[in-house]
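For the protein sequence lines, the chains are G and B, in the order given.
Each residue of the first sequence is one higher than the one before, counting from 1 in my numbering.
Each residue of the second sequence is one higher than the one before, counting from 1 in my numbering.
Check before you lean on any hint, since a few could be wrong.
For chains that are exact copies, the list does not tell them apart, and a pair is met inside one copy or across any two.
Claimed, not checked - Okay, derived cross-link-like pairs now, SDA-like style, lysine to any residue, Cα gap no bigger than 25 Å in a straight line:
#1 K361 with D339
#2 K361 with S321
#3 K361 with E338
#4 K361 with T299
Keep in mind that the hints were calculated from the coordinates and are not lab data.
2 protein chains.
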Amino acid sequence: MTDASVPPSAIDRLTCVIPAGGVGSRLWPLSRANAPKFLLDLTGSGDSLLRATWDRLAPIAPAERVMVVTGNSHRKSVAAQLPELLAENLITESEPKDSSAAIGLAAALLELRDPDAILGSFAADHVIRGDVLFQRAVTTAVQAADQGYIATIGIHPSHPATGFGYISCGAARGDLAPFDVYEVTEFVEKPNAAQAEQYLADGGYLWNAGMFIARATVLLEQMALAEPELVRALREIAAAWGTEQGAAVRERLWPSLPKIAIDYTVAEPAAAAGKMVCVAAHFDWDDVGDFASVANLLTRGRGSDLAVLGDGAQVLSDASSGIVVSESNRLVALVGVEDVVVVDTADVLLVTSKRRAQDVKNLVNRMKVTGGGHLL
Amino acid sequence: MTDASVPPSAIDRLTCVIPAGGVGSRLWPLSRANAPKFLLDLTGSGDSLLRATWDRLAPIAPAERVMVVTGNSHRKSVAAQLPELLAENLITESEPKDSSAAIGLAAALLELRDPDAILGSFAADHVIRGDVLFQRAVTTAVQAADQGYIATIGIHPSHPATGFGYISCGAARGDLAPFDVYEVTEFVEKPNAAQAEQYLADGGYLWNAGMFIARATVLLEQMALAEPELVRALREIAAAWGTEQGAAVRERLWPSLPKIAIDYTVAEPAAAAGKMVCVAAHFDWDDVGDFASVANLLTRGRGSDLAVLGDGAQVLSDASSGIVVSESNRLVALVGVEDVVVVDTADVLLVTSKRRAQDVKNLVNRMKVTGGGHLL
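Bound-form chain G, shown alone:
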């Protein structure tokens, strides 16, 4: 029982929001409409990425303060993965509306529960190694958030990645926390190889891990500057949530919400307005966006190794590297293929290269148009 006379500290007002959307079509045919990336085990740990995300957050926030926003069709899978998740903290979208709506709805619900609520948004399908460093970074971000800033967590780059956006950082903000908090100068899009090298040489750039920590109300007010109608609708949905009118209100408003990433409604405008800060963190992070990332993750960056993912996978390799993902127990024999990607599922076999792993998405898009949608 909380003593009402002592206001809870900032970290105790943190609710972790896990947006669990996105099929991850670059990971097809492992990822499917009914097996989105966040339900996959991409590390060989035996846990889905969603489950691992929950476990990582557990030391920071008890179950009452962890919320998952997901699609209607994933409700059962999410509940099965997270038996501890409270029913009222499983928020479902009738259709996907990108991250502004998903995180904004969570914020609108949270500010009704507690006007001082702090929201931390953490993707359901990223891989993090170094949970203690992660938890320390979140705690620091919460301190900044409590003081009215929108905080993000930036990752010290281990290599000039071209697959991530970067955060250009400015002066240290020792006034917000003793360590690791910096101004955000700007968010920059995924660079080309030369730019990425330049960012690392410059030294002031961190990987944008897409994590946002802010007071729920601050987040919504920032979003309202860019998308006032969106925020008004989200607050209306939240106000009716759990009442008799809840479903009707959501049904009326949700379909017309704009699909827009929170980067554009909150992060970039807040950075431009000097309201964004960044916690520079040292944990290992990867958004495992494609099979090349999965391979690098499993081989810990040793590109000449062959990564194998799958409980029953049987692989015989002669002078081959890359990754084999197998959902069967039949033998996968590789002879002299380097940087290959082989994904062996019951109804689809994918063969590509690490270099072309991003282009799997194009094939998926083509199949949506030309047929084969039942395999997606």
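Based on the hints, put chain B in the right spot on chain G.
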């Protein structure tokens, strides 16, 4: 009914011998111990290579004069493929002893049936396009054979192949046939790329297709010069063949026969002795030794194409080339992989490249030692 007063012409004394041995381990996992290369359909025609060989020979020799030499374990499969094959023309080996023993046994059986018998040996697992040209070449070879020579058929090379042996040809032998017969200067082993280019530039070299046409007795006498004990044993086995002692004699002698290719016991010594001639032929020929050959065959040499083999094969290709062999009907999706070889069978998936297709044999040899033999 043959009029006994007129000796049958040479072509009517030809018996075609089809040695059907050899798993074709470079074509694993399509080829298996119980599905050797000659039982496979590698052209997409619907016929096995053995069946296609039979059909190619049918216009030259009636069923009474076509003989198949194969392993005991393939007796039923061969009979199923070739219902026309006479029981007495299906010769089985209790264990494989390479081509000298296999063809030599056929020769020993034939010379007992007819001292003037001409034997033509044609592999069960090669692919030929241009049956009329083939039949014409065989007819020419038979003319030379009838006059006591050992004839082979050489193929005009279409490209500087490094996967075949070559025949260096000398002067035309118009005395043996009006067209296309030449002295054999020597047989040369598979060349490297530079040598192959040189052979084509020189112009006097043909591909060695491993076909031999000779009087049965001439062939055996030539073999006896190199391997007298082998020929003595083969003649002893042949003499007892079909008698009560037949099985016992074969069982006693066969296991100790030397394993040696007919190239070394007959072709090369005969060439050195000036007893070998070559018919220069213009049909398309390939021994389809590996998946790169299968791909080239199916795409008719267009290396940028993707070949697909398999009745139910479903392939979706984005900027990919090479070959997909599928025994299933699941989707094989390729993204940006060039010259790839994908062989999708029920219990083994092979991924390699056309360049490395030869090395599949090494993997198979490794599996014999390290386990996985049940998959071979």
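When the structure is checked against the list of hints, which entries are broken? Sort them ascending. none
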